[in-house]
Amino acid sequence: MKRLKKASRIERINMRNGLLFTLPALLGLVGFTLYPMAASLYYSFCRYTGLKPPVWIGIGNYEFMLHDRLLREALWNTVYYTVFAVPLGIITAFALAVLLNAKVRGLAFFRTIFYLPSIVPVVASSVLWLWILNPENGLVNAIIEGFGKILAAVGLPQINGPGWLADPHWSKPALILMSVWGVGAWVVIYLAGLQDVPHELYEAASLDGATSWQKTRHVTIPFMSPYIFFTAVMGVIGSLQYFTQAWVMTRGTGGPVNSTMMFSMYLFQNAFQFFKMGYACAMAWLLFVLIMVATLLIFKTSARYVYYGGR
Amino acid sequence: MAKESKVLRIATYCALIIFSVAFFLPFYWLITTSLKTEDQIFRIPPVWIPHPLKWSNYTEGLTFVPFFTYLRNTLIISVSNVIGALLSCSLVAYGLAIIPWRGRDFVFFLLLSTMMLPYQVVMVPLFTIFTKLGWIDTFLPLIVPSFLGNAFLIFLLRQFFMSIPKDLTDAARIDGCSELQIYRGVIVPLSKPALATVALFSFMGAWNDYLGPLIYLFDQSKYTLSLGLAMFSSQYGSYWGMLMAVSTVVTIPIVILFFFTQRTFIQGITMTGIKG
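Line by line, the protein sequences are chains A and B. Residue numbering for the first sequence follows the numbering used here, beginning at 1 and increasing consecutively. Residue numbering for the second sequence follows the numbering used here, beginning at 1001 and increasing consecutively.
Among the clues, some could well be false.
As the list claims (entries may be wrong) - Heads up, simulated BS3-like pairs for lysine-lysine below, C-alpha to C-alpha not over 30 angstroms straight-line:
1) A:6 x A:103
2) B:1166 x A:6
3) B:1222 x A:52
4) A:5 x B:1222
5) B:1192 x B:1166
6) B:1166 x A:52
7) B:1006 x A:103
8) A:300 x A:215
9) B:1222 x B:1132
10) A:215 x B:1222
Bear in mind the hints are in silico, worked out from the structure with no lab data behind them. Since this is a predicted model, take the numbers as computed values, not measurements.
Bound-form chain A, shown alone:
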């Protein structure tokens, strides 16, 4: 009886201490996440300008979405960006990590070069790429034209650089190109993963006469699948919320002809420029659902190819 009392006393003290230590997070959770979530859901059914109290209008905002052409475009642009930027980023990062894992000299040097772009402040790199992708004087087009001249010299058709952010057909590829440049963190993650692949497996494969490609296909990729899966999930969640680069590079316009209007940009405009805060909240919930569905989809399909060693 006495021991029982003592045990429950310790339990009570632990409970109190646990709550006290986690108090900051609990306050943050309630004040900055749970309450705002509930409020956002409520606003999404309201006409809300931010100045006057919200007025309930039922599913009006959601209905309006169906007729909002710009929203459809923004959604399309965002999905387009995600569908290309994430796989291209994964492939590039994977290739770089494989190269670095080939026991090269100067590993720290190369790793630094590939990682640096991803720590550059987003606004600074956006301004820089605006200049690099400049159609007339930009570095990228200067290089393309240089190659073009070589092609022309050997009798092939001369190629010219595209208009990038000035051309609605090339504006999204421009943003994707820039995103691939910032893929360094994934290189670091993959490299760590590659260094964990057991050597014996490669040796066994070699004994069986496997080619390098077969080793990559049947040893490396299965072992790396959890890492690839992880970056795919994080990449998709991040890309669907893509905002700052497109916003800064198009000066908040999403131009040309809305070809870089991203979902988050249009949401921001609705909230803080048009003061349609209720509509913005409805859009945010659509985004949330989209993210959940995309994540779920990756989880479902990954069950087939993600391999967890020993599990």
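Knowing the structure of chain A, use the given hints to seat chain B on it.
Then chain B, alone, in the frame of chain A:
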């Protein structure tokens, strides 16, 4: 066989060098453009090595924008965020990793699940809350939340704390230490690398943040570097030399920080798998 592997090695180095050049070229262009005269900037074919060097892009650029005001504002916000994150996240992680109590797994799960929530969902209500508190156009909305924990950083620290042998904390408890004493005397000293990672990530996050300042700051004297640079870029979009000079100056502190803390960076990335 040996010949083939030699070819492979050479090919690997060639590929690495080509990729390195491609990844580094934008930096080179950033710095060289910042030192070019107007005439050299727009010349075709492009000038690879600027001559003469136009240093005045820097002096002009930094006086054109109230750079030092922006720098001060950014530092106030970033340093406060580091302090906030270190204090709150380490305490919460301690509560979730070291103290056994009922409901702890539930709180942890709840915290983790908020990582899935896009910021856009809470953006408008948060703006309303901060308006009611009278915090708009102050640094408070950009600082106070960091004192109330960050799910990702808490997760990172919790994983680290869990790896500390339980014997150490148990021994301290038997010696009659309070939880706060164990936190300060045992856990914090043993967790310096993880705490350094948290400090680094929260500093970088605040330094690079654009959306937050864009929502909450209006008065130009309160702008951060990101906000100031973006505004400068949209107003004086054709002054490329000056723009590149200011961009270089915004980037350099982060690059220097990286060189001093490379290990922490790389460890942090691999430990968590996520960019901060």
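| task | Check each numbered hint from earlier against the structure, then list the numbers of those it violates in ascending order. | result | 1, 4, 6 and 10
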